[in-house]
Each structure stands twice: as C-alpha cells, then as structure tokens.
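Protein sequences appear in the order of chains A and B.
Take 23 as the starting number for the first sequence in the working numbering and just add one per residue.
Take -18 as the starting number for the second sequence in the working numbering and just add one per residue.
One or more of the hints may lead you astray.
Said to hold, decoys possible - Selected chain B positions facing chain A (in silico; Cβ < 8 Å):
#1 F43
#2 P120
#3 T124
#4 F200
#5 S203
#6 R279
#7 T327
#8 M357
#9 G359
#10 D362
Think of the hints as simulated: they come from the structure by calculation, not from any bench.
Please read all numbers here as calculations on a predicted model, not as lab measurements.
We put the beta carbon where it would ideally sit given N, CA and C, even for glycine.
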Amino acid sequence: MLILLQASDWTYFIGRFHPVLVHLPIGFLLIAGLLEIGRRTGKISVNDSTITFILFWSAVGATLACIAGYLLSLGGGYDEELLSDHKWKGIGVAVFAWIAWLFKSGKISVGSAVYLPALGLSTLLTFTAGHDGGSLTHGDGYLTQYTPEPFRSIAGIPPRTEEKTEMKPITDINQAVVYKDIVQPILEMRCVQCHNANKQKGGLRMDNLAMLLKGGEDGPVFVSGKALESAMIKRCLLPETDDDHMPPKGKPQLSESQITLLSWWIEQGVSADKKVSDLKISEQVKPALASLTSGSEGKNAQQVDSPVLSLQVPVPNEKSVAAIKKAGLIVMPISHDKNLLEVSAVNASGFGDGQINLFSPLSEQIIWLKLGGTKVTDAATKEIGKLKNLNKLHLEYTAVTDEGLTSLKDLQYLEYINLVGTKITDAGLKNLASSKSLKNIYIWKSAVTENGVAEVQKLHPDLHIVNGFNEAKVAEFLKAGDTNTKEEKPRIQ
Amino acid sequence: MEKLLKELQHADLHGQTRRHFLQSAGFGLGALGLGSLLGSCSNSNAETGVAAEAMGAKIPQFAPKAKRVIYIHMAGAPSQLELFDYKPELEKYHGKDCPAEFLEGKKFAFIQGVPKMLGPQGKFNQYGQSGAWMSDYIPYLQTVADEITFIKSMHTDQFNHAPAQLLLHTGSARLGRPSLGAWSVYGLGSENQNLPGFIVLASGGRQPDAGKSVYGSGFLPSVYQGVQCRTGGDPVLYVTDPNGMNRNMRKQTIEAINEINKQTYDDVKDPEILTRISQYEMAFRMQMSVPEVMDVSREPQFILDMYGVKPGEGTFAMNCLLARKLVENDVRFVQLFDWGWDGHGTTAGDNVEGGLRNKCRLSDKPVAALIQDLKMRGLLDETLIIWGAEFGRTPMQENRNGVVMPYMGRDHHLEAFTMWMAGGGVKKGYTHGETDELGYYGVKDRVHVHDLQATILHLMGFDHEKFTYPFQGRNFRLTDTEGKVVKNIIA
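Start from the sequences and build out the full structure, keeping to the hints where you can.
Below is the structure:
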C-alpha cells in the first residue's frame, strides 16, 4: 500500500478508475435516499435490511472512490483549491455513508436521530462533490456555459463571450496600437480566462489596462521599463513545472514571440496608446512583430510546411499496407501523429508496372513515393497520377518518358519530382511545368536541353528547375580554385 | 554442422548438475508465475528482439525535413577567424596585448600570461546573393554560398579536444552516452536493408581525439553504433570471402553461428546476443552491397574531377564522394572525420596560415562538390549537411609556455566559433548570430552545442525533449537537460 502512495504506473492505473468507481456510491446513495423517502411516505414497502445492504455498498463504493481519487490527484495538473474542496467533500460522503449504515444496521442503536441527517448529508455532499469533480475534469463553468437567456440573467451568469484562441492578422503593423492591438489580444488569449471581472485568481484582473496596472494580491505585476524584473514576465519564463509558472501547467502557453512582445511593451514603458512606430524596435522584436501580420503567430513552425501535411486522411488499410510491404517496399506513416504514408522501393529495385496497383487502395494516404531505379514505366504513371495527395515523387533512373508525365501534372499537392536520368525532353518539362503546385524539378542526365530549361524558366520564374554538371560545367567549377592550387609554404616568423 | 551442434549440447549437458536443475527449475517456475503476472505492464521489449526490429525504418515524432545527415567534423578545430568570421577590427589590434577582460577568470588550453592579438590571415569578401563572408582559403565554398546557413555564434563548454568532441557528438563531455548518429538510427532506423544505417569515414591520418566514443552507441543497444569503413583497400576488413570459401559456404557458416547464438540467447536473454546475430546477418549482406557502394571506379571522370578524387585513395575528398554514394543509397547518417585542423602554430603543418590553407586546399573543393552533387541529384532537399568542429580558435595568438610560437597559431576557444549547415530543411543563404568586434564572444543569438543538437533532431522529426531512452532508472536524452531548437535557421 505504501508503494502506491508514491507516483508510479500503478497509482495512475488505479487512479484512472476514479471516474468509474465514483458513480457507484452516487447511484447507491440516491437509491437509498429515494427508498427511505418512499418507505416513510408509505408509498412502497421496503425491508430495512434492503436499505442497510444498499448503504453498506454505498459506503464501500465511496471509500474506494476516495482512494482512487487520491491516487488520481497525485498526477497533478488540477486546480489546488477546487481539488481540496472536492477531496474533503468526497471523504465526507464516505464518512456519512458509513455512519448512516452503522446506525441503520442497528450496530449502534440511537435510531433515526443520527441516521437521517447522516444519510441526508451524505446525499447532499454527493451532489456538491460531484459538481466539483465535473469542474475539475471539464473546467469551471462547464455546466452552465450554454445557459440560455433569460435564465442566464436570472442566475447572474455574465453574457457569453467568444473565447479567443487566435489573433487576427494585423494589416498595418506600424499603425497598430501596441497595447490595444497586440498586448491585450495576447492577454485575452492566454490570461484573461482566469483573471477577469468574475474570476480573479490571485486577486488579479488582466481584462483591462487599469486593473492590470493595479496588480494582484502580491502587488504590481510589472515594473515599467524592466521586463525581466516584472512578475508577469518572470512567471512566464519559469519552467512550466514550477508552481509559480504562468499560465498554469496544462493550459495553453505563451509562445516565445508573445513573451518577447509583452516584454518589449514593458521595456518601452507600458504605454496605453503608443503605436508600434512610436516605440524603439529592436532586432529581437522584429520577427515577433512580423509574425503578427501574417496571422501565423503561435504556429510559425507549420507556416512553411507543405499544405499536404495538414491533410486529414483515414487510417490506412492494414491489408493494403501489408501487401506493399510484402513486395519488398518500405511503407510507413510519415510521423506518429499522421496517417499520411511514405513508400520507398529502395530495397525493391525489381518493382515494376505489374505491382503498381498495390498503391490504389492507399490513394489518399501515400504522399511521398520513391520509385527511383525501379522498373516502372509510363504504364505505371497512370496509377501514380491517381495518388491524389502525392507530394514528393522519385522517378529517377526509370524508363518514364514525356508521355507518362502527362498523368502527373494534375496532382494538386505535387511539389517535388525527381526525373534525373530519365528520357524526358524539353516538351515533357514544359508540359509538367504547368502544374501549379510544383516547386522543384530535377532533370539532370535527361534529354532536357539548357535552352529548354531557360524557356520554361521564363514562363515559370518561381519554379526551381535543377540541372546538373557536365564536363564543361565541372571545368568551370574547377576554375574557382585557380588561386589556391599550389601548396603553401608557411613562413616562419 | 550437426556434429558441432551435438557437441555443444553435449557440453551443455555436462555442465548441468542436479543442483543446477533444481535451481533453475525453482527460479524458473517462480519467474514464470511472476512473468505472467507482470507481463501486461512490463515495458521490456528485449524479448521481442531489439536487433530484429532495430534496423528497419522507423517513424519519427513529426514530419521530418531531413531524412539523412552527412556530418563533416573537422577534428582539431579550424579557425573561424580565418575562414568565416571576418573581423576587420581585429586586424587593427594585431600584435597588441590582449585586453585584460578577455583573460580574467578565463581558462585556455595553452595560452599563458598576456598573449598578443592576432589579425585575420585570410582575405575576406562577401559571396552569393546572401553576401556571406568567406575568405580566400575556401574559394570553392564561395560558389555555393547561397545554399548555406552559417551559425557564427556557436559556443561550447569544453576547451580540450576529446571532451569537446564528446559534448558535441554525445551531449556530454564524459564517456558513455550515445552519439548523434546512434540516436538518429535508434529513432529512424535504416531504410537500406543491405547497408548499416550509420557509417563513419575518417581521414587525415588519425582518428578523432575522443576515439570511437564519438560515434558509439553508449547505453543504446550496440546495433546503433557507427560502422567505420576504410576508404582505401577493403572498405570493411574481413568482409570479403577468403580464398576457397564461396558465398554459399559463408552463408551456411553464418546461419550455423546464428543458430548457436540464438540458443545461447534463449538461455541467458542477453540482448547483446541479438545485436551480434543481426550484425552477422548484416555483414553477410554487406559482402555484396558495401564493395559495390564503395567502388568509385564506375563514377564518370568529371565527377571524380569535381571532387578531386583518384580511385584507390583514402582521402577526405574520397570520403565526400562516398558520403554522397551512401546517402544516395539511403544510408541514414554518414559521419566524416578529418583530422589535422589544430592550428596552434607549433609546426609548419599546424598553424592558421599555410597549414590551414593546405587543409582547406584538400577539403574545400570536395565539400563544395558534395553540395553541388547532392543538389543536382535532387538529394539536398532531404539531406542535411553539417560542417564544423568541436570548438573555435582564439582571437589571440598562442603563446604556449609564454613563448611566441614560430608560426601563426591560435589556441582553443569555446566562446565563439562558426558552423554551417546546408540542405535538409535549413535556410539557404542565411547567417545566424554574430560575434563581437574581435570575434571573442557571441553577442547575438548565441547557439550552444546542445541547441545545435536539438535543432538537428528537430529537423529529423524529433522533439529532443521527448526523444529519450530509459537507462539506469531514468530517461536520457541527447541534450540531457539543455537545448533549445534554433527556429530561425529552419526553412
């Protein structure tokens, strides 16, 4: 048992059963209460031993739920205050359930003077503890979030506000008011949920500037001009596991550039109405500001990624995957969080047109396909053209020709195609280049001419057509080192 | 063969006494009970075959930008002040005493007392659309300036070669941790089933100072360690069949040995035996694949010229060409070491003037050719090239034992050095970080070696904080408790 009190797989395993166990005493106690009411009002006839029996199991269930709940709480990540309320109320349920049972069963005979209040309290606590539990799991205010009018006003719940999770792009960054257009939206996204007129964690409100300047229980949250001495910034910079870190562990965190922007605003004197252009913009702040204009704040990393990576596709059919593997190819999800597939024939140089149908059942999932050096021909490209989400395609050193490429140019996600060492010609390149998505075409050692490349390049200046070195170009490359060819004799000082 | 097996069984039975039987029976039964009890919550996967699973391709945590890596390590540490980090101000202080603030509380490997400042020896200019600064030491690299991301503000914690190399490659200055290459193959496996996932090629006449540990597997299963191939003669020693033994006989031999190993594994359950089994199988496949991939004689002459390679030579240039051939065959991680960059100024070969120029003359062309070659084959997109050393060199001239060296030399320097990367998801034609006017400290966007490691793992599809291996009671990672991804260099 002692072992269980330390956080381990076992504690979490048992802890996770809390939500399961907890419903047993709830149900049992309500039944006991209802039966008691029914009996006392003469509506039904119930044997005392039935209620005693139910009460016994209520008490047992409540006790088990308490234990599991405690173990679950060891995992952390809950609001301490609410957790403590919930814990003691839960323990209360169990204690009063045991008392009710003790007296009901006649083990201690004082009669209903103790029994009824105990049962009543236990049932009442079940409700409040249950509500706290719900708030812990789903978040405060979950129950009443969608209360419609007029009940909303009657119950005194403030009008519903849209929860902000993303900043709108700023069109003219220089004219943007730093507090209103940058700082406050960041606070709204990450802080105001717990620091507003209704909920003031630590006595702090961050929903308007006046209140923010006032600070919280621990005094002001910043020192104007000194970001690193400001509690607001310090807390953001603490490790996420630190108790004082803000936003609390598990909540959406501020991004680096958001912290940079908040620090910058503090450094520059916490002004209410100055515009971006009025303040000194350091090198560090520039990229953070730039990210605001594109609306990419907080998702910078994905911004340049290919759109194909954000596609949601169904889980690939296991049998189809196995069939391709059986043919000696590598089939793998491109990453753990995606169903998109990568297929490579690096170990299957014998792969040919006859097997190309293996890909058909996975036409949505396959995005990266490596068939370089295999026996595929134009007959295969028709099938490849049906892999509608294809993003990178290796066909180097295959017998594919211009004709085969015509089936590929409508692939709307195709960005990379490797045609090194194929027979494609200027005409094939020109045709392929009309694809809107293509970014890189590799045509070294094909029949494409320098003129052909130049011509296509003129039509599609953004397309990256890569040819390679031949003897003449290598000779030119080698000239770069003309100055550096003879061995140096280091001089002695 | 059967006779051999019988003999083994016989020998085994000889060793079995009644006491052994009772002991193993008792423990065995207990273990059986315990095993079935704990089976469902045990994380151990040694049973399912580390080695069998080890080398297949594996899935990264998120979509990778770099699928392969060529890591070029210039062991000894070339001077950034002669190659990339242009400091005209340092020229003005040439020959003057080093300011006291550069020396107070600092430790150097050799510098003693007050050294003189040493101005840049190369002629610098800006190259490419990106205007990257490079010196006349490296005329070929100038031609590919726009493919490269330079990090000028690298810094490290160690000022001696071996610990600094260990820190760079394994994340810790002490022995025992897996290397970057080993982590990569552990995480991503190997795509080509006939070649090791992690291959090491060394040149310059000596191995890196920290020895094999810089490409070792540390506490990871040893299948993940780097396989060093020789560049001249047989690439891997003893991999060819001896006279009189044909491939079929070799196959039978290996099968028999593996069968015996399998039995021993069933007895003692040491996962290293599985490693050995898979290595034998790999070696057998390598008999065919390695000589083929390491044979440059079928490369066209102009490609050989581009790298400056003569077939049969075991040079750095040859290693660059081989690196291309290996990644072309989907080898995951190719580690190049070139020894001889330690320009203290003590000898004619060991200085930042002629000595460094000569090292550059041997390596500049092949490195530039490697970038060009990968690019025209469409491989640079997914292949990350990393170039650099374990630390940098001081803006001061070395004065070992208080004596001015006979040649222009610089001491080891950990506060600032330059590394560069190209391909595999990094920006093209970009310079990250800055050093002060004299090139002593990084003053902007400093990048620690742990940050570099975090960034490389990120490019390969791993969150360095979540990419761990449990060892001796805790989860270990390459960057230990440090490291921040340098997002600005990612394309």
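These are the hints, each one checked on the structure:
1. Hint status for F43 (chain B): holds, given a least beta-carbon distance of 5 Å to chain A, under 8 Å.
2. Given hint, P120 (chain B) at the interface with chain A, holds; its Cβ is 5 Å from that chain's nearest Cβ, closer than 8 Å.
3. Residue-level restraint check for T124 (chain B) holds (minimum Cβ-Cβ distance to chain A is 5 Å; threshold 8 Å).
4. At its closest, the beta carbon of F200 (chain B) sits 22 Å from a beta carbon of chain A; the interface hint therefore is violated under the 8 Å criterion.
5. Taking 8 Å as the C-beta cut-off, the interface hint given for S203 (chain B) is violated, the closest approach to chain A being about 23 Å.
6. Checking R279 (chain B) against chain A: minimum C-beta separation of about 14 Å lies over 8 Å; hint violated.
7. Below 8 Å, beta-carbon pairs count as interface contacts, and T327 (chain B) has none with chain A, the closest being about 12 Å; its hint is therefore violated.
8. Checking M357 (chain B) against chain A: minimum C-beta separation of about 3 Å stays under 8 Å; hint holds.
9. Using the Cβ-Cβ criterion of 8 Å, the hint placing G359 (chain B) at the interface with chain A is satisfied: the shortest such distance is roughly 4 Å.
10. With a least beta-carbon distance of about 7 Å to chain A, the hint placing D362 (chain B) at the interface is held under the 8 Å criterion.
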